[in-house]
Amino acid sequence: MSDALINGLAGAGGGVIAQLITYPLQTVNTRQQTERDVKNEKRKLGTLQLMCQVVKHEGWDRLYGGLGPSLVGTSVSQGVYYYFYQIFRSKAEAASLERMKAGIGDGSVGMLSSLLVAAVSGCVNVLLTNPIWVVVTRMQTHKKASKPSLPGGAPLTPLDETVPAALNPPSYRTTHAIQELYDEAGIRGFWKGVIPTLIMVSNPSIQFMLYETMLNKLKKQRALRKVGSGVTALEVTFTLTCNTQHHRVLTTSQHIWLLVQIFLLGALAKLGATVVTYPLLVVKARLQAKQVVAGDKRHQYKGTFDAIIKMIRYEGVYGFYKGMGTKIVQSVLAAAVLFMVKEELVRSTRFLLTKGAIGRAKSKPQ
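The numbering of the sequence shown is full-length UniProt numbering, which starts it at 1 and goes up by one.
Hints in this document: simulated from the structure, not taken from any laboratory.
Model, not experiment: these values are computed from the prediction.
Some clues are possibly wrong.
Stated by the list, open to error - Straight-line C-alpha distance at most 27 Å; calculated DSS-like pairs for lysine-lysine:
| hint | residue 1 | residue 2 |
| --- | --- | --- |
| 1 | Lys91 | Lys302 |
| 2 | Lys101 | Lys220 |
| 3 | Lys310 | Lys217 |
| 4 | Lys91 | Lys101 |
| 5 | Lys219 | Lys355 |
| 6 | Lys310 | Lys297 |
| 7 | Lys297 | Lys91 |
| 8 | Lys217 | Lys355 |
| 9 | Lys217 | Lys91 |
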């Protein structure tokens, strides 16, 4: 199994677990981003208030609206990203070693090279998975009535059992979102928001550039020996070899401190990337959400630049930072879980493959 495939599958697994843990926060954040009220039109709800409101009026299930396609999107997206990231990263590392042999550099991948590797991987990922995320955004922002009512606003009573099904519509499913999107804009509708999304590639690019740079410095400081190649985050904390004589074990306190450092590196990298790119994330969410807003043309967007102009005009700068607090909590937590789970899966897979290869070699007749 290639190293790229191992990283791709591990990234998919880590992404799914992180998504399951943080999805309710993501749903609330998407709703905050897509609120299209003009300046000071109404009081804004906090994260917990909005979450409680959704549960009260729409039920717990709405916090997980679109979870199915989101898990598919996350697994595909993270799998594709890490697969291509590892391929491009390996090429960059090989090029750096060649330059070192020629007397140029120290053999490590520089900051700009890390940024380029992450950016190219992100662009490939966006072009392949954007349709999935458009559908997910639709499902997250869809709101169902808390209580069905008769024409004229009178609430239903237990005696109204013969009310037409149209007054109590079925739940909003993935197929409904896909059909609605296709009816609105055809095939092109599935790539709504692709321009700001491509620009948003700068988010994981900045994140990985900062993370890899800080992680490399941490590795050099620790100077731990390692057999083989492909050092991962968790492998900074200990050396994994097949020869127990060379196995280096850290004390519990050292291990915990190093894990804390890695967590903080990932959190700081994600925090910096999110603050810089958050306005584009809001624009992308606005474009991908349903455009019909009570016939109000102030909140209907023809494209990226039209959305930016109208948001500045009718909502001010604040409109670009709606829900940023929620996003920081959600994205930092998700990134921390993703990094740790993904790296552990990579380490475990490599260990099992190595152990299996040794076992097969020993079983062969001499």
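Verification of the supplied hints:
In summary, the hint linking Lys91 to Lys302 is not supported, as the alpha carbons are separated by about 40 Å, beyond the 27 Å threshold. For the hint pairing Lys101 with Lys220, the CA-to-CA distance comes to about 20 Å; that is within 27 Å, so the pair holds. Restraint check: the Cα-Cα separation between Lys310 and Lys217 comes to about 44 Å, which exceeds 27 Å; the hinted pair is violated. Our distance criterion of 27 Å between C-alpha atoms is met by Lys91 and Lys101, whose separation comes to about 15 Å.
Distance check on the hinted pair: Lys219 and Lys355 sit about 25 Å apart at the alpha-carbon level, within 27 Å; holds. Among the hinted pairs, Lys310 with Lys297 is consistent with the structure: their alpha-carbon atoms are about 10 Å apart, no more than 27 Å. For a cut-off of 27 Å, the pair hint linking Lys297 to Lys91 is broken: about 49 Å separates their Cα positions. A distance of roughly 30 Å separates the Cα atoms of Lys217 and Lys355; the hinted pair therefore is violated under the 27 Å criterion.
The straight-line distance between the Cα atoms of Lys217 and Lys91 is roughly 21 Å, inside the 27 Å bound, and the hint therefore holds.
When each numbered hint is compared with the structure, violations occur for hints 1, 3, 7, 8.
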